[in-house]
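J.: Sequence:
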Amino acid sequence: MCAKYVMQEVIDLHNEGQTLLYPRLEMEENCSLDELAQQVAEGTTFSAGEVKGVICQVAKRMAMTMGMGRSVTLDGIGTLSPALGLKKGREREEPDGSGTRRNATSIEVNDVHFRVDKELVREVNRHCRLERSSTQRRLYRSKYTPEERLALALRFLEEHPFIRVGEYAALTGLSQTTAGQELRRWAQTEGSGIDAKGVRSHRVYVREK
Numbered sequence: 002m003c004a005k006y007v008m009q010e011v012i013d014l015h016n017e018g019q020t021l022l023y024p025r026l027e028m029e030e031n032c033s034l035d036e037l038a039q040q041v042a043e044g045t046t047f048s049a050g051e052v053k054g055v056i057c058q059v060a061k062r063m064a065m066t067m068g069m070g071r072s073v074t075l076d077g078i079g080t081l082s083p084a085l086g087l088k089k090g091r092e093r094e095e096p097d098g099s100g101t102r103r104n105a106t107s108i109e110v111n112d113v114h115f116r117v118d119k120e121l122v123r124e125v126n127r128h129c130r131l132e133r134s135s136t137q138r139r140l141y142r143s144k145y146t147p148e149e150r151l152a153l154a155l156r157f158l159e160e161h162p163f164i165r166v167g168e169y170a171a172l173t174g175l176s177q178t179t180a181g182q183e184l185r186r187w188a189q190t191e192g193s194g195i196d197a198k199g200v201r202s203h204r205v206y207v208r209e210k
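In short: position in the sequence shown from 1, add 1, done, that's this note's numbering.
Certain hints may be false.
[Said to hold, decoys possible] Pairs of lysine to any residue residues, derived as SDA-like cross-links and limited to a Cα-Cα distance of at most 20 Å, are as follows:
1. K53 / V41
2. K89 / K144
3. K5 / Q19
4. K198 / F163
5. K5 / R123
6. K144 / G181
7. K89 / F163
8. K61 / F115
9. K198 / G174
10. K5 / R116
11. K88 / I108
12. K88 / E168
13. K198 / L155
14. K53 / Q39
15. K88 / N111
16. K88 / I78
17. K61 / T46
18. K198 / R156
19. K198 / L158
20. K210 / G199
21. K89 / N104
22. K144 / F163
Treat the hints as calculated values from the structure; they're not laboratory data.
Model the full assembly from the supplied sequences, consistent with the hints where possible.
T.: Listed below in structure tokens is the structure:
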């Protein structure tokens, strides 16, 4: 079975008014846990129910392990690590010590970051047979100017400790790819008020100090 791809139009941030085309996989459906368990069970002595039970137990044990402040590596899949954030309604602690000092009751695990194993990427590529879709994804055009989008991000950061690419995309109407590119550009622009923190899948954007 072939996977379909489309050519996604995105803004060229280096050439104002220009756009570029990038290939993007067209996700048609999701593989459920029941279906995956059935596939794994084929050719083994385990039933699909037993496989599903093991997967669910692994998920529970992973949650317990990460809850103790440890990352979890699944060989051939990737590494998962918990990330902390302030609970809803809690103000962030200021670097200069002013304001309320945050204790453990104000903090929670609000995300789990995943860093894929490169071997899994190679294995997916080995099984991938591509076929071009007849459609082309047009550019997500934001109704806001770049300056207005920056102002939206700064207002968001007044109420939240950081902003992710997906949140910026939802705020501004940009595509995920263009939102990520623009946030990186703001972080590299002195005086924009935006700074980057973390790397790769762990990267978020915060108020510039």
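J.: Taking the numbered hints from earlier one at a time, note which ones the structure violates and give those numbers from smallest to largest.
T.: Violated hints (numbers, rising): 2, 3, 9, 10, 16, 17 and 22; every other hint is consistent with the structure.
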